[in-house]
Amino acid sequence: MTPPAATSQGSVVLSADALGRLMPMFLICDAQGRIDALGPTMKKILGGEAALGALLTSHFTLRVAQTEEGDSPDRVAGTRRRLHLVLRARPEIVLRGSSVELGEGRVLINLTFGIHLAEAVRAFDLTETDFAASDMAIELLYMAEANVAVLGELGALTSRLEMARRTAEAQALSDPLTGLANRRGLDQAIDAEMAALAQGGSAFAVAHLDLDYFKQVNDTLGHAAGDHVLMIVAQRLTRELRRGDIVARTGGDEFLLLLRGGTDEAALRRLGERLIHRLEQPYTFEGKTCQISASIGIAVSLPIEETADHGQQTQRLMEAADRALYAAKRGGRGRCVMAGEIGAG
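Numbering-wise, the sequence shown is residues 1 to 345 according to full-length UniProt numbering.
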């Protein structure tokens, strides 16, 4: 058949094949609303030649802007109202387009997928050949898919950068050998505790721990053995403390402990003695055994005003712990001394 297509200059006769190449998603309905002809892509969507002769409404639900009672394709033809056809088999896909009268009640409808292009391509396995050469649909689909891919890559890159940032921050606050916090990490934690204390938070304690006889391990067994002992020391200290306490390695064989929520000096002394006893247990490296000990000085934070200089208060607390440590060293090593015992707090 050779269905005509209306033009502003008159009428032009086109074959169905020619019309299909220009508008592969066209439909022609007769006066009864039955499908009289359809483009190759529309034929693919509706299941082939079997769609010919079927009522348009058996495949689509009609929607138009400013719907009126009794609307049908022939009634809306030439009215400039946009036409929407919802596929009954796939209600998630809505085709849009317009229609024109061909005479004798026949209507030509040309459709496009619009925003449902991606769903339709997947649902009906459409390719570039299913669209008119002038149709930008596939290019738009490629652009959309490329945009999704780019956004996915950007999201992945953002995640990697965030992970790298967190890793860098963690590395900046931790000791590479033992995995404990370093001095910077501990200082941040103590500053936070001081700020909380000024707001009415709980008091806390700081313990300065120095290993005794550690130099002999390095001198007799080598630095590899010394590193091994330091890692075991870190593990033992961590296991003995409560969750929420912080252990930091601040020097070769020096450690600082932030002890939250406990300020009873008798309990803190028992903790210090328990830590020393635990660290005095033998260490084995490559079949050889060695022993060390530790000296500990502990200072308890004092109440401070909200307007007080937190940095100055922190310095005083650390100096008190240092003095207690030196007193423990002078007393014969392997001892725990409270700052309050030497008149410093």
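To be clear, the hints were calculated from the coordinates, so they are not data collected in a lab.
Every residue, glycine too, gets a C-beta built ideally from N, C-alpha and C.
A hint or two may mislead.
As the list claims (entries may be wrong) - With a straight-line cut-off of 30 angstroms between C-alpha atoms, the simulated BS3-like cross-links for lysine-lysine are:
1. Lys288 - Lys215
2. Lys288 - Lys329
3. Lys43 - Lys215
What the hints assert, rightly or not - Label pairs and their in silico Cβ distance ranges:
4. Leu52 - Glu153: 18 to 28 angstroms
5. Thr127 - Arg96: 54 to 64 angstroms
6. Arg239 - Gly287: 21 to 31 angstroms
7. Asp227 - Thr263: 31 to 41 angstroms
8. Arg34 - Pro91: 49 to 59 angstroms
9. Ala195 - Glu92: 27 to 37 angstroms
### Task
Measure nothing beyond the straight line between the CA atoms of lysine 288 and lysine 329; if it is 30 angstroms or shorter, mark the hint as holding.
holds, 27 angstroms
### Query
Does the Cβ-Cβ separation between threonine 127 and arginine 96 fall within 54 to 64 angstroms?
violated, 21 angstroms
### Task
Take the C-beta atom of arginine 239 and the C-beta atom of glycine 287, compute their distance, and say whether it sits inside 21 to 31 angstroms.
holds, 24 angstroms
### Task
For aspartate 227 and threonine 263, compare the CB-CB distance with the range 31 to 41 angstroms and indicate the outcome.
holds, 35 angstroms
### Task
Could you grab the alpha-carbon distance between lysine 43 and lysine 215 and see if it respects the 30 angstroms cut-off?
Cα-Cα ~87 angstroms, so violated.
### Query
Can the suggested window of 27 to 37 angstroms be confirmed for the beta-carbon pair alanine 195 and glutamate 92?
Given range 27 to 37 angstroms: violated, Cβ gap about 55 angstroms.
#### Entry: Hinted pair lysine 288 and lysine 215, Cα distance within 30 angstroms
holds, 16 angstroms
### Query
Could one say that the CB atoms of arginine 34 and proline 91 fall in the range 49 to 59 angstroms?
Given a distance of about 22 angstroms, which is not inside 49 to 59 angstroms, the answer is violated.
### Task
Return holds or violated for the Cβ distance of leucine 52 and glutamate 153 against the range 18 to 28 angstroms.
violated, 46 angstroms
Checked against the numbered hints given earlier, this structure breaks hints 3, 4, 5, 8 and 9; the rest are met.
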